[in-house]
Structures are given as structure tokens and as C-alpha cells.
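2 protein chains.
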Amino acid sequence: MKIAIAQLNFHIGNFDGNVEKMLTAIANAKEEKADLICFSELATCGYPPRDFLEFDDFIKEGMAAIDCLAKAAKGIAVVVGAPSKNPVVEGKDLYNSAYFLANGTIQQVQHKALLPTYDVFDEYRYFEPASEFNIVEFKGKRIALTVCEDIWNIGNENPLYTICPLDELMPQKPDFVLNLSASPFSYTHAEERIRILKANVKRYGLPMFYVNHSGAQTELLFDGGSLVIAPNGEIYDELPYFEEAIRYYELEDVNAGKQQFTQPKDKMTLIHDALVMGIRDYFGKLGFRKAIFGLSGGIDSAVTAVLAARALGEDNVRCILMPSQFSSGHSVNDARQLAENLGIQYDIMPIQSMYEAYMDTLKPHFWGKDFNVTEENLQARIRGMLLMAMSNKFGNILLNTSNKSEMAVGYGTLYGDMCGGLSVIGDVYKTEVFELARYMNKDGEVIPENTITKPPSAELRPDQKDSDSLPDYDILDKVLFEYIENQQGPKEIIQMGFDEKLVRRILRLVNINEFKRHQTAPVLRVSRKAFGMGRRMPIVGKYLS
Amino acid sequence: MKIAIAQLNFHIGNFDGNVEKMLTAIANAKEEKADLICFSELATCGYPPRDFLEFDDFIKEGMAAIDCLAKAAKGIAVVVGAPSKNPVVEGKDLYNSAYFLANGTIQQVQHKALLPTYDVFDEYRYFEPASEFNIVEFKGKRIALTVCEDIWNIGNENPLYTICPLDELMPQKPDFVLNLSASPFSYTHAEERIRILKANVKRYGLPMFYVNHSGAQTELLFDGGSLVIAPNGEIYDELPYFEEAIRYYELEDVNAGKQQFTQPKDKMTLIHDALVMGIRDYFGKLGFRKAIFGLSGGIDSAVTAVLAARALGEDNVRCILMPSQFSSGHSVNDARQLAENLGIQYDIMPIQSMYEAYMDTLKPHFWGKDFNVTEENLQARIRGMLLMAMSNKFGNILLNTSNKSEMAVGYGTLYGDMCGGLSVIGDVYKTEVFELARYMNKDGEVIPENTITKPPSAELRPDQKDSDSLPDYDILDKVLFEYIENQQGPKEIIQMGFDEKLVRRILRLVNINEFKRHQTAPVLRVSRKAFGMGRRMPIVGKYLS
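Those sequence lines, one after another, are chains A and B. Per the working numbering, the very first residue in the first sequence carries number 1; after that it's consecutive. Per the working numbering, the very first residue in the second sequence carries number 546; after that it's consecutive.
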């Protein structure tokens, strides 16, 4: 039996586009004489469709897509993920299903049983879990159909679930397992995924074909990396990360267990490639081509610039240098050097005249008040406004350049440097931004060395340094990681050896700045716990604050 | 048996404050010789605690609060909602529980069985549903303890659930039902709540004591309106809306069924009072006293001003009039008149000089491009910046004045008039804003008549009217209501008799403006479906767009 794995980039709600892409893949697979082609989870409507699922019209569009694919399933079986209606009144209205299409019709539907409802996942908001499990028989083979999370509870090792779908299916003696996934990337996820798949194969002794979505849906980045695991537990093939791919496998070859291709898993390569894909798909799926952003001479905007240029092409990237009276000489030079290294268009717009116009208006109202964060914010906001004006006039999307450390502690200006349609490095800690910059320079200087080595500064008052208001990033990032990624409380973090006063100050800053993060752009997610849909915090709270 | 219902305003994560408030109530109840006092759902930690629940430290603080309340439960029983740990490895880590405290210790714990996971609710993200149901015996009475949603599936009439907790408890022959709730307000919710409670009493023939939270947690407004229903199915008492209250009842009196107090349920009264409470608690719980906002002479900022003055007191409200070259004469007059009617401080800051400074800087880059939405946005953003500067300098919170209609179709400027820490009327359609203005003027003119009668205009270009770019609000709001509140698709809405082209244009505007709503302030929720945490939409999608 020849099996095709189609790791494609679908677009939420774009039924026509998604079906067309699948029809092309099916036609190719027929030419290659494949017996079966498998697409990823919720491929018809894109993953995650979120509250679109609550619209009957949306579900009907999904059913029409399935009918259209079923018609093409002649001479080949098509396995595809789509929502299906729960015919029973009790329980949620929908299932998250794998459709098995053959002979021009829907042959069988297997629903997902394990519905992730944590972090970025809301599946129990929409879906009823499967209670029946049936093998699909096709051309003399018995196929165990599973959807994503269904293989993540191996004989109940996962405390979240009480059902193990493959345990349910094994009595029906399957020959191999197909898994349809839409499993979002984080820089440790590929290794976890391989561990889980190998553990499944070890327990069940069956070859597994794991098909993942590849492509970005706003903040969620899907890396692909689809897998074929031989019954001996070794990786037979791992598909590329961050791109579409269709691959063909003879079941007999996989059962014999020969080929062993895997992908590199270096953290900085993964983050770099994930962010490039995230930018590219955000623009592509919204129908935009060009990006704009401010270039300060600092490392955050420099790293963002490189990523944007690599994602969109240097001709589609434009940056603005907006020096103030507090900008150091090297800022403009470093920024200009970077723009020239990248070959991207840049303009210089000093902000002094607007700053003076505001201060003239505000002076009578500020009488007797000292220069403080107000005037600092004013400068950041003038820059934000100039960028938005350029964005509006030329139809570019403004990229936000804030990093995770400053977003965490609120070291940024709402409606100022926190402007933008997409936060590119908002899930990358400052210390990781430095690593990323070094990684980008590994084959020759792209980011000026001075941008990397000079002390970070917002340059909003004379001789300002980040270290005036923040702890060293080395320490700050470690504490933030324990609090955000590892969800440790103050006592646990202090016990690790960090200074108590410092820990309490940092956690307080994180919590009191929830209101700022509430209003920021979606953040491309590369870690296990990013700001955004996967981290839901009260604004009006009084905890560690 | 004398039962005390304590409908109080808790603060998320503020364990000390919440416990202190409950200890005071317990002391009062002892003086009144009550046998039992009942607080609302998750009273120790405040509802909804959201992802704070994922922190072990937070759960421990909650347990310490329970221990502290248990010590006070001497000579009186205390019923209180709090998270509890699931001792079993399988399933979610926590239960949403009702604690029964007496004789200085925890006597019994009943977990919640029905976990709402829709709209603003994420309970299955955190909690395992109860599988055991036990009556509490106390002073010769048998009490059925239930938590919120547990009484919303009456003998399985609710298709969402397959368990009916009271059906499980009835064989144990309870004498009355206690329900601990944190059930958020919408302007139709009080009537639904009464219908459900009456239906429960009709089915089970037992008196019910329903204790709801009162107070706002950011966007979620809890109206209180706690209820006592006599076994004959009539309302024995309904507690006030939007305020704290403690009431005492002799069980024998309730069983006899005499007293019949209810609260007025007029839509505009409810929305008005809900929003006033929402503003007051947002400020109070964040530790702020003073609000600032722009007053345009239009109806949205006028209604916001009245609400703010009533919530915070006129001395704590400050507004800024920011006319441009496109402002009509009546704008400043109407705004000034309103400020004087309310007795609130106002300042005038013309925006011309800043506008010119920007245009001088941008002109060379805009060469050959016509005046368009860019220049309109620029004016709105200058206003946003001036307000933020005042907010920063004086420590005020900026109130956002956008209405639901314009938020829906994206008729507003990101980082301009969409600025602000809290959206006051972002869940009130424009036609409802007019109703609200009339309601405010019912006892004499507060909002100048001209503000209500003149055609709405953003005044960002010469002779601009909202009706130049938008359909009539009468039609727009009806279509939006069908799409947003009723989740009807385009075909259904067109079938109701609306023009097809218009419907498709409106739904498209709603969908393509998701990116703007993603970055706006939390919206005080007064309808069944508000923008914010209860409506989760993809940004990068292509559906009806």
C-alpha cells in the first residue's frame, strides 16, 4: 500500500482555497499511484477556527468542502480532518473528526476523543469527545484513525485524560496508525512529539504516519515536521519544518524500517525559521506584502528587520529612523548600517518638532510638574504615530519590535513602541534576542557588531540605560522563565537562590502590566508559554501585586 | 433555621481582603443569631481567577483562606466557594468547590459538576467535574449544596450536559437547596435566572437560596440579584442589583411563602447601573480614583461622561476638548455645556499645531498622495496622545468612548479614539447609546439636546457624517445583532429581509476588523455576546471577508 502524507498550509475559513490545494495534492497522489492520501486536522476550515465554529453557515461550508473532496476520492482514499455535527442533542454540537473518503463518498468518520483545553487550546468549548472507536478497512489493511491529541495519552500515562484511544482500537487489530494533527510549534515541541510517537510505537508495535499542519495562523506557528515511524520504533522519515511537503511511502518499506531522515533541531535555527514563516503567513493570509517599522539602532528592531527582510524580501520592507534629542550618535549610524547591510529602504524623521508642538500645548497643564515617564512616553508615541501614518498611507503593516522581557515587565509604551499589527519577537526573551542576533551573523555581519555589544537603552532621557530601571537581563530572564513558562510561585523561585526582594518586584511588575499586554498585537509563539491566547490573566486582580 | 445570604463584592487574588470581608459578615451573622451564612462561588479567590489557578502558590493561598474561615465557623455554619485540589492523578488538578465549614473545621466539600465552557467561561480549562453528590446534614436539616451552573440543567433539559446534580441529590431527601453562584450580568440574564430557579423549584418542590456575586471583575459585571424562592415556586426575595447586601431568612418563613420582593428590570436602568458599577470597580480594584477622556460634543463621549461622573464623583472626572479645523462650532459648545451640566473639570487643547508638525515631517514622504484616512487617523491619534499624556502625568485612567456598532465595523482609529484602559460603552450599540442618553435625561437635561439630535459625525474631514461611510444605525445595529448576539450567518440574515449587498458588506467589515478589536481595552459586558473574552475570533482568516 502506498501512502501519501500531505503536510500543507491551510487558511482559516478559506474553504475554496483549502479544497483547491487538496484537490491538487490528490491529483498528484493519483499520478504517483498512491492508494491513500492523508491531510491534517481540520484541514477543510483551517486550525484553529475558534468561534467561527459556532456559526452554522461555517459548518455547512465545511460539509460542502467534504462533499467536494469525496467526489475526488476515486481511485484513491482521502483522509481529511473537518468538523462534523453531533447528531445527538446531548453534549456539544460538533465533533473534531477524521473523514475517510473513498469510492466517491464518505466511507467512515472517526471523531477525536482527547480534546485539549489548556494553554492555547479551547477544544472542549466546541467539541464533544468521541465515545466510539472503529478501525477503517481499506484494500485489505486495517487502519487506526486518530486525531492529534488522541495519541498523547499512552495507556493513561497522561494525567489529563481517562481514555486512551489506541487502547480502544487495538482489539480490532489495526495494521498501522494514521494521525491527523495541527500541533503548534514551540522550540521544544519537535522532540516531545518524537518521544510520544516512539512511545506509541513501542507500546503498540505498529507503524505510524503522523501528518501535521505547516504554516502560521496569526500567533500560532505550525511547523509541519510530519513523521513516519517504523514498527521497530525508529524514525523512518521526518518531513521538513516550516514548509509544505508531500511524501510517499510504501507501507511494506516502512514496516521493514530502513530510511532514517530527520531534521536539525538547533534552538536558534528553529526560532529563526518559525518567526520568518510567522511573518510571511501573517502578511500572505491577510493579503499584504509590505512591512514597516522603526529602526532604533538597538538589537530588538535590528533582529526584527532581519526576520522581516528574510520573510518578505528586502524590497517589501521599509524602516524609519526617528532620532530625538536623546538619541546617541551611534543609534542612527547603527540603524543606517543595518538598513544598508540588508538593502532595505530607510527614511529619517527627527521627532523634535512634534515633541515641541505637544509640549507647547501641554506645558500650561503640566505647570509645576517635573519631566517624568510622561515625556518619555510622548517620544515613543510620536514614533508610533509616524509609523502608523506611513502604514496607513502606503498600506504597509507595522511590525512591533518588543521582546518578551520588556513585554513581561511593562517596559514599553502603550500606543508607542507597543504599536503594530504583529509582535515578531514578543515571545523571545532579551537574552535570546542576543543569541538570535549572533545566529544571524554567523555567516558574516548582518547586524552591526555595535548594536549587539552596546548596553541596551530606550534613549528617552539623557544617558538612560535599561539597567537603570531593570535588573540584569541574565537574572530577569531566568526569573521570568520560572514564573511564566514553569508557573512557579514566589516561594519556589526564591528557594532557587534568587533574591527575595528582586523576585517579588519582578512578579509584581509582570502582574500589574497585564493591562498593557491586553492591548498588544498578537505575538508569534515560539515557547511553551507565550503572552496571548495561551496565557489568560485577570487585569483587575491583586495577587503578587 | 435562620439562613444568611451574603452577596458581596470580592476581588480576584486579594485573599486577605476577601477573607476580612467574609469575617465581618460572619460576625454580623452571629449577632443576628443566624445558623448558617452562605457566600458566593470561588469567594476566597474571586471569580474568575483565570490562569492564576495554574499556580500552586495561588491554590495554597486559597486553602489558607479556607482554614482561616473555618476557625471563624463556630456557633455558625459557613458555606463558601473555593478551588480545591483533586487528590486523584487522573483528570484536571482542581475542583470548583463549595465548602461547608462548622465547629471550627471543614465538615464537607461538594464539587461543581457542570462546568461552563462557552462564551466568557473556561471552567473545563481548570476544573474536573464532580462525580459524587452528598447531602450536608446540619442541625436536623438536610442541605443540597450546588455551585452555579449545577442548577442550570433541570432533568437534562439543557443539551450541553448529561448530568443533573439535583436529580442525583434528591434520593437523599434534602430539605432545601443552597446555590453558590458567580453568574455574570447581561441585560436579559436576571429574567433567565428567575425562570431557571422557578423551574427547579417546580421540579423538586424545595425552597432555594441562590447567592450571587455582586461587583465587577474587569469586563465581567456581576449583578448580585440573589434569590430566595419559596417551595410554591414564587419569589420570596430578590436582593438588590449591583450592590452588596446581607439578608436573613427563617427557613420556616420561606417554606410558608409570604414576602415577595423583586427588583425592577427595565433594560436601560440595568445597563446604566451595570456600567456605573463596572467603572467604579475597575478603578477601585486597581487603586485609581480619577478618570480622563476626550469630550467631542458627540453622544458617545457624553454618555461616557455621565456614567463616569456617577461612578467616580464629578470631582474625579476630567475631560479634554480637542477641536480641529474640521470641528463644527456646536461641538465645543455642546461639550462645554455637558461638562458644566455635570460640574466636571474641562480643558481645551486645539490639535492644529501638532497636526501641522506631523504634516511638515510627513509631507515629503507623502508627495503626490491625496488626503485620505491617514490624515483622519492622524487627528484621532493626536487626541489619543494628548489624553495619554494627561493620564500619565496626573495618574488618571483614560476611558475609551467607542460604542459597539463602530467597534464592530472598525469605524475607529487604533491608537486614536480606540485608546483607553477601559471601554465603557463598547457593548452598547449606537441605537442603544441614544436610548441611554434619553434615559439619563429623563429627570431633566444632563446631556444637551443638540448632542442627541444632531447627525453623528467623526468630524475628521469637512462636512463628514457617519452616514457617508456607514449604513443607517437602525439597520446596521439590527444586522450586527443577528450576526454577533444571535450568530446567524449571511444567508439567514438576508432571509430576514435585509439587503444582500449590505449584509455581506457589514459582515465583511466585522470580520476584517478583528485585528483592531484584538488591541482594544476590556469592554464592560452588558449583552449576551460582547467583544472580548467571550468572542474568540481568528485574525488571519478568510471567512465572509
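Possibly wrong hints are sitting among the right ones.
Claimed, not checked - Within a straight-line C-alpha distance of at most 27 angstroms, the following computed DSSO-like cross-link-like pairs (lysine-lysine) qualify: (1) A:LYS369 x B:LYS938; (2) A:LYS369 x B:LYS575; (3) A:LYS74 x A:LYS60.
As the list claims (entries may be wrong) - Simulated DEER-style distance windows between Cβ atoms: (4) A:GLU500 x B:GLY989: 54 to 64 angstroms; (5) A:PRO364 x B:GLY940: 13 to 23 angstroms; (6) B:ASP811 x A:GLU356: 21 to 31 angstroms; (7) A:GLU356 x B:HIS875: 28 to 38 angstroms; (8) B:HIS910 x A:LYS442: 31 to 41 angstroms.
Because the hints were derived from the structure by calculation, they are not lab data. Cβ atoms here follow ideal geometry from the backbone N, Cα and C, with glycine treated the same way.
Do the hints match the structure? See the list:
no. : hint                                    : result
1   : A:LYS369 x B:LYS938                     : 8 angstroms, holds
2   : A:LYS369 x B:LYS575                     : 52 angstroms, violated
3   : A:LYS74 x A:LYS60                       : 23 angstroms, holds
4   : A:GLU500 x B:GLY989: 54 to 64 angstroms : 58 angstroms, holds
5   : A:PRO364 x B:GLY940: 13 to 23 angstroms : 19 angstroms, holds
6   : B:ASP811 x A:GLU356: 21 to 31 angstroms : 52 angstroms, violated
7   : A:GLU356 x B:HIS875: 28 to 38 angstroms : 32 angstroms, holds
8   : B:HIS910 x A:LYS442: 31 to 41 angstroms : 35 angstroms, holds
Of the numbered hints given earlier, the model fails hints 2, 6; all others are met.
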